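Colleague: Using the sequences and the hints, build the whole thing.
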Amino acid sequence: MTSSLVQSVDWLTIAPPTLTAVVALVVLVADLFVPEERKQLLGWTAIAGLVAALALLVPLRAGDRSTFCLTADTQVRACSYTADDFTLVIQLLVLGGALVTALLSLTETREKLPAGEFWFLLLSSAAGAALLPASRDLATLVVALEVASLPAFALVGLKRGDRMSGEAALKFFLSSVTATAVTLLGVSFVYAATGTLHLTEIAQRLDDVPGQLETLAEAGVALTLVGFAFKTAAVPFHFWVPDTYVGAPLPVAAYLSVVGKAVGFTGLILVTVVAFPSYADVWGPALAALAALTMTVGNVAALRQVSTRAWSAVRLLAWSSVAQAGYLLVPIAAAAYSSDDQIGATVAYALMYAVVNLGAFAVVALVARRHPENRIADYRGLYAASPAAALALAFFLLNLAGLPPGIIGLFAKVTVFSAAVDAGLGWLAVIMGVNVVIGLYYYLRWTALLFRTPEGAREAALEGAPEGRVAHTAPASITLAIALTAAAGVVLSGYPQIALRFAANSLF
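When we follow our numbering, the leftmost residue of the sequence shown carries the number 1, and every step to the right adds one.
Hints in this document: simulated from the structure, not taken from any laboratory. Predicted model, so just to flag it, every value in this text is computed and none were measured. Please note: incorrect hints may appear among the correct ones.
Below are the SDA-like pairs computed for lysine to any residue, each with C-alpha atoms no more than 20 Å apart in a straight line [as the list claims (entries may be wrong)]:
1) Lys39 / Glu117
2) Lys112 / Met164
3) Lys171 / Asp243
4) Lys112 / Gly161
5) Lys171 / Ala154
6) Lys39 / His371
7) Lys112 / Ala368
8) Lys112 / Asp31
9) Lys112 / Arg369
10) Lys39 / Leu56
11) Lys112 / Pro475
12) Lys171 / Glu146
13) Lys112 / Trp44
14) Lys112 / Arg160
15) Lys112 / Ala181
16) Lys39 / Val29
17) Lys112 / His371
18) Lys171 / Val226
19) Lys112 / Val34
20) Lys112 / Asp162
21) Lys112 / Leu28
22) Lys171 / Leu150
23) Lys39 / Leu150
24) Lys39 / Arg160
25) Lys39 / Ala55
26) Lys112 / Ala474
27) Lys112 / Gly166
28) Lys39 / Glu111
29) Lys171 / Ser188
30) Lys112 / Ile47
31) Lys112 / Ala154
32) Lys39 / Arg110
33) Lys171 / Pro236
34) Lys112 / Arg163
35) Lys171 / Val187
36) Lys39 / Pro475
37) Lys112 / Arg38
38) Lys112 / Leu41
39) Lys39 / Leu113
40) Lys112 / Asp207
Modeller: Right under this line is the structure:
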């Protein structure tokens, strides 16, 4: 009996990314008719669309649906779209991250950025990012990766007339296009060696590749990983990160640090664990070396940031995100030596990182309203000006460092560390331990600065002038973003099993 080429379509299964894409089109068309003074309606429409897309994950919570399948035979069918537990968790992370980004962007689109273009590009990128974790064939995977990436290039360069923004977008675009070209070459090699694009079928056929095609298959596996390594900002594919984050609008930098990274790690997990398990001896050592190199370069570069340098706060978060990418790579590398159960540690860590890093960027966006150059030194005495914002940022930084009261940050790091030890990668666990200590220094240095006496306060007191700093005025949308991320961080710290349960079981 031959497989049917007529594919079934389950509209509920594909609803979250589909609705996001539809709302993007609605916003694009509405921008032509909405008068300038009412452009904020576009932002609220985008936010409503993201909330609705998140709500559509609820009916799929069983994690047992798939669509675009070639046959109805459940034993052998190959599906291009699968809504399993892994897919739903990553879609929750992606759409939630896009929602927080949208909240941070409301004031930006009112004051600096073109509203219609911004909301269309953000939603389009989010739709691609939500499609990617559900993709189960290489063609859909690459298309989703590009749909998530292409609007991001434009978002980075959306500050019209800003030289740094233009340079950042160009560097991001050129490096990404090069990585994509290499990835497509790898995909073509894999297809030539296996004759299929579906990930599960590739896994089966790579076990029995003819001898004359074995070198081609190995080259395809290695080249396919390049594009996803670029998206994760793994060293040496990280060089675009600092300049891109500094040149991009702050909400876009926050989006790239979380959603962009989730896209890369999701694709990396799918191609390694699902499609290429038989070539674990190729990608396992490579990812372990990348993890060690990435966390070390990221932490050392973050450590060297000068607090009085312009945009040093954003640069520190950029290099911190590179270091965090190294930690996220550890369980994926460990999966090559033990089992795909280790992947849950990456998912748990990604959930923690997404919440606290978006929260940190939200506070940075607040401070940037008074200090546009966003130096670390500008945060000195933030507690005197805005106690709630200072406490929130301190909580986020302690989570990133892995210290109490950021319990989820500590547990996530322990989970990743355990994954390395269980896989026999003791040397990688040691390197991770050293890097965690390095990270403690610059996270705690920034945290301590929040509670120090503001510059000029002592002199003002001696002269009889009022002491302290002028309070930061926070727009309601930024306040809501900080509150949501802080609340999520507190909940995860109080009940870490919400995230850590994904480390206990395989997601595939």
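Colleague: Now tell me if each hint is right for this structure.
Modeller: Verification of the hints:
no.: 1; hint: Lys39 / Glu117; verdict: 11 Å, holds
no.: 2; hint: Lys112 / Met164; verdict: 15 Å, holds
no.: 3; hint: Lys171 / Asp243; verdict: 8 Å, holds
no.: 4; hint: Lys112 / Gly161; verdict: 11 Å, holds
no.: 5; hint: Lys171 / Ala154; verdict: 12 Å, holds
no.: 6; hint: Lys39 / His371; verdict: 26 Å, violated
no.: 7; hint: Lys112 / Ala368; verdict: 13 Å, holds
no.: 8; hint: Lys112 / Asp31; verdict: 16 Å, holds
no.: 9; hint: Lys112 / Arg369; verdict: 12 Å, holds
no.: 10; hint: Lys39 / Leu56; verdict: 27 Å, violated
no.: 11; hint: Lys112 / Pro475; verdict: 15 Å, holds
no.: 12; hint: Lys171 / Glu146; verdict: 16 Å, holds
no.: 13; hint: Lys112 / Trp44; verdict: 17 Å, holds
no.: 14; hint: Lys112 / Arg160; verdict: 9 Å, holds
no.: 15; hint: Lys112 / Ala181; verdict: 34 Å, violated
no.: 16; hint: Lys39 / Val29; verdict: 12 Å, holds
no.: 17; hint: Lys112 / His371; verdict: 16 Å, holds
no.: 18; hint: Lys171 / Val226; verdict: 17 Å, holds
no.: 19; hint: Lys112 / Val34; verdict: 18 Å, holds
no.: 20; hint: Lys112 / Asp162; verdict: 11 Å, holds
no.: 21; hint: Lys112 / Leu28; verdict: 18 Å, holds
no.: 22; hint: Lys171 / Leu150; verdict: 13 Å, holds
no.: 23; hint: Lys39 / Leu150; verdict: 24 Å, violated
no.: 24; hint: Lys39 / Arg160; verdict: 18 Å, holds
no.: 25; hint: Lys39 / Ala55; verdict: 25 Å, violated
no.: 26; hint: Lys112 / Ala474; verdict: 17 Å, holds
no.: 27; hint: Lys112 / Gly166; verdict: 15 Å, holds
no.: 28; hint: Lys39 / Glu111; verdict: 11 Å, holds
no.: 29; hint: Lys171 / Ser188; verdict: 26 Å, violated
no.: 30; hint: Lys112 / Ile47; verdict: 19 Å, holds
no.: 31; hint: Lys112 / Ala154; verdict: 15 Å, holds
no.: 32; hint: Lys39 / Arg110; verdict: 8 Å, holds
no.: 33; hint: Lys171 / Pro236; verdict: 15 Å, holds
no.: 34; hint: Lys112 / Arg163; verdict: 15 Å, holds
no.: 35; hint: Lys171 / Val187; verdict: 24 Å, violated
no.: 36; hint: Lys39 / Pro475; verdict: 17 Å, holds
no.: 37; hint: Lys112 / Arg38; verdict: 15 Å, holds
no.: 38; hint: Lys112 / Leu41; verdict: 16 Å, holds
no.: 39; hint: Lys39 / Leu113; verdict: 11 Å, holds
no.: 40; hint: Lys112 / Asp207; verdict: 54 Å, violated
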